[in-house]
Amino acid sequence: MYDVAIIGCGVIGASLAYRLSRCDLRILILERENDVAMGTTKANSAIVHAGYDPEPGTLMAKLNVQGSAMMEQLCADLCVEYKRIGSLVLGFGEEDRKTLSRIYENGLQNGVPGLQMLTGDQARALEPVLSPEVTDALLAPSAAIIDPWGLCIAEAEVAVRNGAELKLRSAVTAITEQDDFCTISAGGQTYQARYVVNCAGVDAESIFRMTAEPQFKTLPSRGAYYLLDKSSGGLVSRVIFQCPSAAGKGVLVAPTVHGNLIVGPNAEEVHGSDDKAVTAAALDVVSAASKKSVPSVDLRQSIRNFAGVRANTTLSDFYISPSSSRVLHAAGIKSPGLSAAPAIAEYAAEQLAAMGLSLSPRAGFDGTRQVNRFRRCTPEQKAALVQENPLYGRVICRCETITEGEIVDAIHSPIPPCSIDGVKRRAGAGMGRCQGGFCGPRVLEILARELNIPQKEILQDQDGTILITGETKTGGAQA
Amino acid sequence: MTQIICITCPKGCHLQVDEENDFRVTGNNCPRGETYGKNELQNPVRTLTSTVRLTGARTPRLPVKSSAPLPKGRIFDAMRLLDEVSVAAPVRCGQILLPDVFGTGVDIVATKSFDAAQS
Amino acid sequence: MKYDVIVIGGGPAGLAAAHAAWQDGCKSICIVERDKELGGILNQCIHNGFGLHFFKEELTGPEYAGRFIDMLGETGVSVRTDAMVLEVTPDKQVHVVSTAQGYEILEARSIILAMGCRERTRGAIGIPGSRPAGVFTAGAAQRYLNIEGYMVGKRVVILGSGDIGLIMARRMTLEGAKVLACVEVMPYSGGLTRNIVQCLHDFDIPLYLSHTITDIQGRDRVERVIVAEVGPDRRPITGTEMTFDCDTVLLSVGLIPENELSRAAGLEMDPRTNGPVVYENMETSIPGVFACGNVVHVHDLVDFVTAESQRAGHAAAAYCAGHTPAAAPLLPLKGGNGVGYTVPQHIRMDNAKDGVSLFFRVRAVYRDARIVVRDDSGAQIAAYPREHLAPGEMESIKLPRVLLEKASGALTVQIEEGGDQK
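Residue numbers (numbering that gives the first Met the number 0), protein chains in the order written: chain Y, 0 to 478; chain C, 0 to 118; chain X, 0 to 421.
Listed next, the in silico BS3-like pairs over lysine-lysine satisfying Cα-Cα at most 30 Å (straight line):
{"hint": "1", "chain 1": "X", "residue 1": "K35", "chain 2": "Y", "residue 2": "K455"}
{"hint": "2", "chain 1": "X", "residue 1": "K352", "chain 2": "X", "residue 2": "K91"}
{"hint": "3", "chain 1": "Y", "residue 1": "K82", "chain 2": "Y", "residue 2": "K248"}
{"hint": "4", "chain 1": "Y", "residue 1": "K275", "chain 2": "Y", "residue 2": "K216"}
{"hint": "5", "chain 1": "Y", "residue 1": "K455", "chain 2": "X", "residue 2": "K153"}
{"hint": "6", "chain 1": "X", "residue 1": "K55", "chain 2": "C", "residue 2": "K37"}
Residues from chain X that face chain Y, not an exhaustive set, calculated with beta carbons under 8 Å:
{"hint": "7", "residue": "V96"}
{"hint": "8", "residue": "T98"}
{"hint": "9", "residue": "K153"}
Okay, the calculated beta carbon distance ranges per label pair:
{"hint": "10", "chain 1": "X", "residue 1": "T80", "chain 2": "C", "residue 2": "R79", "range": "34 to 44 Å"}
{"hint": "11", "chain 1": "Y", "residue 1": "D273", "chain 2": "C", "residue 2": "M0", "range": "51 to 61 Å"}
{"hint": "12", "chain 1": "Y", "residue 1": "D274", "chain 2": "X", "residue 2": "E106", "range": "51 to 61 Å"}
It should be emphasised that the hints constitute simulated quantities derived from the structure, not laboratory data.
Note that CB positions come from ideal geometry on N, CA and C, so glycine has one too.
Okay, chain Y solo, but in the shape it has when bound (with noise of 0.2 Å):
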């Protein structure tokens, strides 16, 4: 019997995980697919926003500030790379500086910090290269930039090293409440656990279905990206919007902490979680939108686009309620979800507190990680890395300089990855502009030694991913 079962391990599931771990808990978390940050969490902006934009008095308002405010210690605390460097909502016009004075109330009003209108002048004094037609701005110094889906696995990693209890390729199929527990069918197994949380994204409402008839329908929002390569990294040095819209936040211009620059996203209603597709109109709308804002973006420069689809509802707040007096809901988790997560998280277990789960304190509970990132390190901090191990001393992916030592301690990690993708969002290898095409065999090598499996069984990503079809010299020729 699990004392909290969690459905789903994106950056939400994981972040209560995380927050639950530091109690005396036996916690169970189930994830559909076969690792953890697979969904919204791997393709989204990757921006904690400060906070403006949700109207005061919700419940998104009250968690995005809330939440913007725990993470820089957070990812301090979990060796997540993140970057305090503010944002700039632009305004092209009268129409454009009612929303941002509005905005600029609803900021107060949130409690976001340190917020300034400024003329398009002081504006480009700040970011040079923002279009002439820039009339307005808001800045917001307390927006960050943050790896996403790197805070989703290192919040898994330590509620997994702190005894959670994480099974991947486990899809729950149904939810049935006793008076006491609830028991759930997942990836062919049965689990009880005494309080059941959905925080299944996009699918929440699926989940919700399996427990109550939900109170929104979910309206699953497509945005698609450019990923520019290092040499635009610096094109910018804040999060550029544009004034939001009812479609959201708007496409954005922004550095990544990975240092390339991330231009996206458009919003187009789409059927669901797996609808990915990068279609050509949505990033000719990425395209002109950028181009408003930073004329000079050279999308050329781009060495990936993708899209994510976030879980937006018929709801204008998150929905993080219970249906009964056993399941707790973090439905409608859309923008800023992300920003939100760690508040979410504290949200969410206070409601199960309430609901009757004890949260009395874990002995030895360490909430901390650290992991080696070479490219990160001084001369002398590299030269005591392969001191202390020669793997260090090989560079797989030579685009972002990645060791072989981080990814095999990437493999070794408490959440082992099984596919290339896996270690590229834990390592970092793949990620750069040739886009492991040089590194991606060499990663594949080292994931099938160090986990002791045929080369030819290693992924891409997700299940189903296969990249070898089969071996040459067995008698394949034909004419």
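Add chains C and X to chain Y, keeping to what the hints say.
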């Protein structure tokens, strides 16, 4: 008259070969083009490059080639022959792995040297 | 540790450069190679067609590399394999990391950059669609196939008609895969004609010119691609779509010189080549730092890489021996009509006693055109008739000293048509 592109060198000369006139070649910029044009219509040949299984070395495949061009029509047959070949390191570049394939006098030879891997 | 010459990269460029510097009397030379063996990308280019110019015989990639590796084995050039250069400083320190020697800072009197190039990826060209497994650069697939012995697919569509893609069409076919099509967005092939003939025509693989992939479909593994014809603006034409059921897409859509070290060292770069700006002897904007091979501009034939790299090696040796050419008079070069770039970008007259060879690529296919060199005044310095010019092939011309001396100001290399056209 048949139009073909000469592949003897990267220039890619466009040749005209006159089958009714003793395979006379025009459009070539060098004598090798003439030879190619004549042969390509009468007896097309290709150098085969591929790999064979390699054991005891750092990597599992050894690159090989035919020591001279093979009849174009026998290329897939030659590939099937290579399926059966396995070579143990050490092996030297130029080493004959399959002599005289199909009685053509052409050998399959290694195109790279491999030392035995230290394990 | 201090060397006369440090060569960064042990592919064909680095091998030839190091050997040339040794021949000229440099006795302290080190090649730093990131792979576990020398030879670079030639090791996976197991096809033949290398060496016709340089060795006057047809070799495979590993054989071509092997000849140089053997030649180098008879010299005192030292080699560090499995060693990665992390940084090159303007004062010629080379930061190297390796499992064997840890983190080292090597010093050199002269540095030769020979890091090669990398392939353009799906992200660089923005192919729409989902993101299943089964989309590979041709070079990555080549490595899996030729080095590791793995097939990466059974039904293949190749995007781009670059040489590696064409070569892989044949290799995959020989190994039992079905190559359904080669799709090229331009109206002409990006690869060598003989590869079109030997790798596509021989196996009845259709080449669709002026076509592109407009959609990649499949959740986990590629399931199909949509191919459409493109107009003169290279935008897909609605209504021309064809569907190919395939499990693999290979990309052969261009190569990019790999110059992160060069940029970080502060070398002047040429945005047209994506490589460093070089003088007639392959010297970069930092005296004593030379560059050669695909790191400077993408070559079509390794033989030309060798020749260029030998020039760099000889020049590095001369630099170490104290010969520094006078900076003036200087002839800048630029590409005019139909010429994308020139290498070198500058000629120091003091160092061009025997004239200079220029290398460049044309932007379109020409028949019976002339390569014309004009100076600032518009005067024709030299003209070279060519029956056939194509972007897939690197062009070169030799400018004799006497002609260089006639020039006033910058030289423009351009393609001129007309006159005696057929």
